[in-house]
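Novice: Line by line, the protein sequences are chains A and B. Residues in the first sequence are numbered from 382 upward in steps of one, following the numbering used here. Residues in the second sequence are numbered from 382 upward in steps of one, following the numbering used here.
Be aware that a few hints might be false.
Where chains are identical, the list cannot tell them apart; a pair therefore holds if satisfied intra-copy or between any two copies.
[Said to hold, decoys possible] Below, computed lysine to any residue pairings styled on SDA-like, alpha-carbon distance capped at 25 Å:
no.	residue 1	residue 2
1	K621	S700
2	K598	N802
3	K402	E793
4	K469	D567
For the record, the hints were derived by calculation from the structure and aren't laboratory data.
2 protein chains.
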Amino acid sequence: MLERFFSPRSVAVIGASRKPKSLGHVLLKNIIDGGFGGDIFPINPRAESILGLKAYPSISEVRGHVDLAIVMVPSSIVLDITRQCGEKGVKGVVIISAGFSEIGNAKLERELAEEADRWGIRVIGPNCAGIIDTNSNLFATIESRIGRGNIAFVTQSGALGGAVLAWAANEGIGFSKFISYGNACDVDESDLLSYLSADKDTKVITLYIEGVRDGTKFMRVARDVSPKKPIIAIKGGLSKAGAGAVHSHTGAMAGNSRIYLSVFRQVGIIHASGIEDMFDMAKALVYQRRTPGHNVVVLTNSGGPAVMAVDELESLGLSLPEPSGEIRERLDFLPPFYSVNNPIDLTAQGDPEMYARVFRSLLSDGYYDAGIVICVPPLSLDAAEVAEAIVEVSKDIDKPIVACWMAGRLVERAVRILEENKIPNYPTPRRAAKALSVLMEKESMNPQPGSP
Amino acid sequence: MLERFFSPRSVAVIGASRKPKSLGHVLLKNIIDGGFGGDIFPINPRAESILGLKAYPSISEVRGHVDLAIVMVPSSIVLDITRQCGEKGVKGVVIISAGFSEIGNAKLERELAEEADRWGIRVIGPNCAGIIDTNSNLFATIESRIGRGNIAFVTQSGALGGAVLAWAANEGIGFSKFISYGNACDVDESDLLSYLSADKDTKVITLYIEGVRDGTKFMRVARDVSPKKPIIAIKGGLSKAGAGAVHSHTGAMAGNSRIYLSVFRQVGIIHASGIEDMFDMAKALVYQRRTPGHNVVVLTNSGGPAVMAVDELESLGLSLPEPSGEIRERLDFLPPFYSVNNPIDLTAQGDPEMYARVFRSLLSDGYYDAGIVICVPPLSLDAAEVAEAIVEVSKDIDKPIVACWMAGRLVERAVRILEENKIPNYPTPRRAAKALSVLMEKESMNPQPGSP
Chain A
382 MLERFFSPRS VAVIGASRKP KSLGHVLLKN IIDGGFGGDI FPINPRAESI LGLKAYPSIS
442 EVRGHVDLAI VMVPSSIVLD ITRQCGEKGV KGVVIISAGF SEIGNAKLER ELAEEADRWG
502 IRVIGPNCAG IIDTNSNLFA TIESRIGRGN IAFVTQSGAL GGAVLAWAAN EGIGFSKFIS
562 YGNACDVDES DLLSYLSADK DTKVITLYIE GVRDGTKFMR VARDVSPKKP IIAIKGGLSK
622 AGAGAVHSHT GAMAGNSRIY LSVFRQVGII HASGIEDMFD MAKALVYQRR TPGHNVVVLT
682 NSGGPAVMAV DELESLGLSL PEPSGEIRER LDFLPPFYSV NNPIDLTAQG DPEMYARVFR
742 SLLSDGYYDA GIVICVPPLS LDAAEVAEAI VEVSKDIDKP IVACWMAGRL VERAVRILEE
802 NKIPNYPTPR RAAKALSVLM EKESMNPQPG SP
Chain B
382 MLERFFSPRS VAVIGASRKP KSLGHVLLKN IIDGGFGGDI FPINPRAESI LGLKAYPSIS
442 EVRGHVDLAI VMVPSSIVLD ITRQCGEKGV KGVVIISAGF SEIGNAKLER ELAEEADRWG
502 IRVIGPNCAG IIDTNSNLFA TIESRIGRGN IAFVTQSGAL GGAVLAWAAN EGIGFSKFIS
562 YGNACDVDES DLLSYLSADK DTKVITLYIE GVRDGTKFMR VARDVSPKKP IIAIKGGLSK
622 AGAGAVHSHT GAMAGNSRIY LSVFRQVGII HASGIEDMFD MAKALVYQRR TPGHNVVVLT
682 NSGGPAVMAV DELESLGLSL PEPSGEIRER LDFLPPFYSV NNPIDLTAQG DPEMYARVFR
742 SLLSDGYYDA GIVICVPPLS LDAAEVAEAI VEVSKDIDKP IVACWMAGRL VERAVRILEE
802 NKIPNYPTPR RAAKALSVLM EKESMNPQPG SP
């Protein structure tokens, strides 16, 4: 069980440092500033106190129980530190220190795993960037802190993890957990999938992997987890050159790219082609429910963006049937020059009331399975009012809905209104279409939208 | 010649309105606030003055010459207005008014074209969002104003144009010209390509088209222009449903998607799959020169992002050869645990000096044709200092270079330094790789990177 890593009552920071900007300092500062509620024990033989906390020369000097140790010391003493943790009764250790199999030092890594096993210790790392649990305000990482949300992000590459967290903060994306698992000498991606499938704070699991050591285990776990919780994964090293780079990066064997993508499909993992793609889909899956179906309607006030959405939807295997006779009847309040097609274009005349009335008419029976709303506000239109109108309609409709309010700063308030009400918004029609496709359950049976 | 549209000394705004938020008001206000240096004549029979300018009941009442008329009146009187413009000697008219072939009124549009032709008037529109020339501060548009730059954006869809301008302002993208040409009753996309090929402010032409009326002319012009100036195009309506939507949007026939993409290749147009893609490539082409070659090196301080860049580069047909023996010799100052591969990973130890020295060693002879620099700054590293170091090296290297400083706000200053020095930066490794590929001239001969 990995609970020990995410709800500890006490944390030791082994290698905490007084030197500003050093990793041992950043790590301790993150934990303190993040607001962790339990005890924090800095361990450093050459300091009396660090950042206002009493420091201990070794973990054995700490009085009271230590649930979790975060280790940021030279690789040469990691084995010894692990033994000390074992003697102290610590059961979870996160090893941030590098200098193991990723630089060819596989023997040391094996010894580390054996030492940990001897004491019943579970290890995350080595060569990782640490872990975050936003629910318990545990920011045991050298990377930047993040906002709370329902996406868990698990990454084999620590630095990529850090970059993604910083990028996501800008995009307003929140996380339940961040786990950089590095060389995976013990806890691996499969263990983490298993654990996260039962984590109540996590609705969607996102994953950056370069290689998987135990393919059979990974397939078994993913197949078990994916029907309960969506798993979205980027596979680094799909190309020949990329596979070589992976090998020199984490020492992992990248494996054949066709095999990976085919395994993803078989076990229900959604493949993402890149970072934006992954979090676009994750946002959709956090806000909305997947439902069966493939018939999509596009409502817009601007022809061009709707055309681009439709092109993307069709390329993803979704259908855009013309409105049924019944829907046409419901829409007969529209002025005669409106062509009631799909996409249906309200033109610059579209006001909040018309948006709401048409959107409700389109989605109020079983004909369409999902809808995209596009709004490119002319200066005469308040984009936020259209957002409010669509939010009202969405409350009565149990179908996937995604939005594309386009125009940068001019629609910032509208986007906030949409997303606070669980309608994911995307800055371009293609991204909206791609995100919608992941909500249509047909997709999980067929080639994944993200597949090349 | 289309000069008349972009360097007028006097502009009449026919249909200027005193009513705030009305299009006739927004249009006039844009022209005034934009800082247009010539005479501005609001035309409105029911106003004495608008926004502090004397208004005229009709264009014939204006004393002095009028170079350009922007028309925003009901479609029913556009013919009459055109005749009045003819009598006044106006030679360029931009018709923003809708209500022509896009709603089935093809006859009125034909009559408009004939009336204009009778007077030697060139027409942009109808059913368009207007034009912008940032060099002469002419913002004759109902859309938001934009910053100066070297990208011309030509769009068949006016509302898409507006959304793109607003989005681009957020992204810091600047334009030379914006031309929304709407139904193209006279001036069409080919005329605009021709004109822009000789425009000194324009380095890259971007294009959103749904249909082309005269395919032979388009091919001839594009084939002529593309070797002189890159043309990047999005084709709306590539799917079956999209083609239907195009037809009801602008009345254009979308044509067969395979034919379009094949024509693009033949005439040297770079196909963009979406808005971000188009401007990612445009930025690269504005800042950097295309050069022949296909051997790329990736320098990074983080393995994961480099793997993702490499995967994308290989999928785009570029090569990532290992460093030559000579380069290895030049790099022997690196500590022994660095593996000198491609990508070459400086790890968290990479400082500005090391970045600069390694980057120079990699690109200082003819072995590599281009380079990507990735920087995911650990907290101990000043991302801006690395940017400055790379900028210094770039001054001595005449090869395409693109950057990927990842981490949102943490790298804002670094990104500004890079881009002020003509090194385009992208927020993800895939986008950096895609943008680099458009700078490698091999690409213009082979299937376009943006093609499906």
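Novice: Checked against the structure, which of the hints given earlier come out wrong?
Specialist: 2
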